[in-house]
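K.L.:
Kindly produce the complete structure, drawing on both the sequences and the hints.
There are 2 protein chains.
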Amino acid sequence: MLNQTEISQIRNFNRDYTKLLGILNKKVLDTPLSWTEGRVLLEISFNNDKTPIEVANNLKLDKSYTSRILNRFEKKGIVNKSPSAKDSRSIELSLTATGQELVKELNARSDQQIKDLLKDLSIDEQRQFFQAMTTLDNLLFTRK
Amino acid sequence: MLNQTEISQIRNFNRDYTKLLGILNKKVLDTPLSWTEGRVLLEISFNNDKTPIEVANNLKLDKSYTSRILNRFEKKGIVNKSPSAKDSRSIELSLTATGQELVKELNARSDQQIKDLLKDLSIDEQRQFFQAMTTLDNLLFTRK
DNA sequence: CATTATAGTGGACTTTGTCCACTACTTTTT
DNA sequence: AAAAAGTAGTGGACAAAGTCCACTATAATG
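Protein chains in written order, with this note's numbering: chain Y, 1229 to 1372; chain C, 1229 to 1372.
Don't read these hints as lab results, they were simulated from the structure.
Heads up, none of these hints are tricks.
The list makes no distinction among identical chains, and a pair is therefore deemed to hold if it is satisfied within one copy or across any two copies.
DSS-like cross-link-like pairs, simulated, lysine-lysine; straight-line CA separation at most 25 Å:
(1) Lys1304 to Lys1332
(2) Lys1343 to Lys1247
(3) Lys1247 to Lys1288
(4) Lys1278 to Lys1288
P.N.:
Dropping the structure here:
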């Protein structure tokens, strides 16, 4: 088991890392979308014909809140709502051309954010970074 | 330079990791404090006789917002305010016994959070985790 | 059928955070 | 020493983000 000092170091890292990502997000994400709106948009972009309730469940958002976000998106011409064939209580969401553009832009910005994160590292260090992150990912997520 | 796939992997990791920490925070932090309030409390706990403006600057919070949080803390008996000797516009903050207890509790919970994070890993894997995290920390923060 | 559950919506509200203006004091400039 | 400029803390007013509840319409279950 890890000792107290090591646990503190992990806590420090977590704090610093989330802070760093938060700062980069603030800087990079000067889009017309809030953070949650961005997540909703990306969630819809993953596969088409997603329903509002799926979005809400996957992102653990209140369904009422989600509904309002989607209304905004519709008003802004980012998503289309079409009645679901399977369940007439429900709705199928799809991105408009504008929405797809916005997704592209968000993705490009997120990529740039990562590049910024690594820009002061040498090629070799970037490889080390990637390797270490992959280790964490395997231990925490992938192997589950 | 890292390729597109690798960058995507990093983005995925970042998303998963912040999500994980967020969930743990929500679950663990069922204290009477919001996240920002927790940060303010810890900030005050680092060293005594900190002034409100120092707290606001260090945490990059609005000073007005900070002022309100501190008022709440005072009302709840978490911090004491005493007039600053050096600058009579200012205030020196200190934790009450209650406040110190709360800090202890927050720290214990944060430690527990880390332990929960690692609880499904073997000792050897925990060492791998720690090693990988240290590498990231060195590359991103410490060596700066 | 009758009951129970679910999808989406809007109203009302709370929490969180921002912006601005103000007072009281301090520091700097002249 | 007086005037000007800057700073610490506060409250009002507001905006943004998120929660809770009640409701309608439909679906699923027995």
